[in-house]
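Here the protein sequences come in this chain order: A and B.
With the first sequence counted from 1, adding 2 to any position gets you my numbering.
With the second sequence counted from 1, adding 82 to any position gets you my numbering.
Treat the hints loosely; a few may be bogus.
[Claimed, not checked] The calculated EDC-like cross-link candidates involving lysine to aspartate or glutamate, where the alpha carbons are at most 20 Å apart (straight line), are:
| id | chain 1 | residue 1 | chain 2 | residue 2 |
| --- | --- | --- | --- | --- |
| 1 | B | 159 | A | 38 |
| 2 | B | 159 | A | 122 |
| 3 | B | 171 | A | 150 |
| 4 | A | 126 | B | 160 |
| 5 | B | 159 | A | 115 |
| 6 | B | 167 | A | 6 |
| 7 | B | 117 | B | 133 |
| 8 | B | 171 | A | 6 |
[Claimed, not checked] Under 8 Å between C-beta atoms, here's a sample of chain A residues computed to sit facing chain B:
| id | residue |
| --- | --- |
| 9 | 34 |
| 10 | 36 |
| 11 | 123 |
[As the list claims (entries may be wrong)] Computed spacing ranges between beta-carbons, pair by pair:
| id | chain 1 | residue 1 | chain 2 | residue 2 | range |
| --- | --- | --- | --- | --- | --- |
| 12 | B | 130 | A | 149 | 27 to 35 Å |
| 13 | B | 185 | A | 87 | 43 to 51 Å |
| 14 | A | 90 | B | 125 | 53 to 61 Å |
| 15 | B | 96 | A | 91 | 49 to 57 Å |
| 16 | A | 73 | B | 140 | 26 to 34 Å |
| 17 | A | 147 | B | 129 | 24 to 32 Å |
| 18 | A | 169 | B | 140 | 27 to 35 Å |
Worth flagging that the hints you see were computed from the coordinates, not collected in a lab.
Here the structure is a predicted model, which is why all the values come from computation and not from measurement.
Where is the CB? At the ideal position from N, CA and C, for every residue including glycine.
What follows is the residue order along each chain.
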Amino acid sequence: MTDETRKMAFICSKGTLDMAYPALVMGWAALGNGIDVTIFFTFWGLDIIRKSRQDHLEIAPVGNTSMKMSMMGIHADNVGIPNAVGVLPGMTALATKLMKDKMKALGVPPVSEYLQMLVDGGAKLYACKLSVDMMGLKKEDFVDGVIDIVTAADFIDMTEGAQIIFI
Amino acid sequence: MTTRVISGKTVQVNEEGFLLSPDEWTEEIAVEIAKEEGIPELTPEHWKVIEWCRQNAVNGRSPTLRQITAGTGISTKEMFALFPKGPAKKVAHIAGLGKPEGCV
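Please model the complete structure; the sequences and the hints are all you need to start from.
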């Protein structure tokens, strides 16, 4: 092990519930190992830091080939949720609720609380300027832990020497 | 498995230097390991966490950081200030316990 602190940077580009957790879990694990953590939120990933959105992220069964009936409590191995069923009103809400319930049962905190833990642990959060402009958002739309709205070039500068993980 | 002498006592440790048996731990050992971990002095707050972790260890493994903050009332921020750079792991090392298991 070298004297220099290891650095990891995560790029969150997705805003679905299942894609919010990887950076939270790995970022938390990294902080727990004394690693410097930076997270850059871009495109739909901005939903993870938006006050109005972060606890309303969803997961849709349509087009999700990995989501099987077993998630609904029906044990049928490889039997999927038919797309024709997935389009019914309420199916996205149902899938989201099931996933949130499973997370809760495992003691996994909701996105807002988890993100705050990372901020308290020293993770640095940044929002992507281009995405922020495109979506017509402002700094006030984001949670307090977000340090600044920066360009991609700024992000590249500040993560020199870091291991970068794109999600 | 190797042994090493900490504060005049011979203890069994793993390859990362964690004590293999929590029973071999003493307060003097905690002080010595804390110094190695970059904490020059253990304050009453440090001891509160160390003692709580020893009391709540499961199978010799220290609790996770979230369990510690929930159980002691000490915030995540304070934990990172008390035990910088990986609080749960550092407490486990100092408290003579195994590394915590779990992702939260």
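Against the structure shown, which of the earlier numbered hints fail to hold, in ascending order?
3, 13
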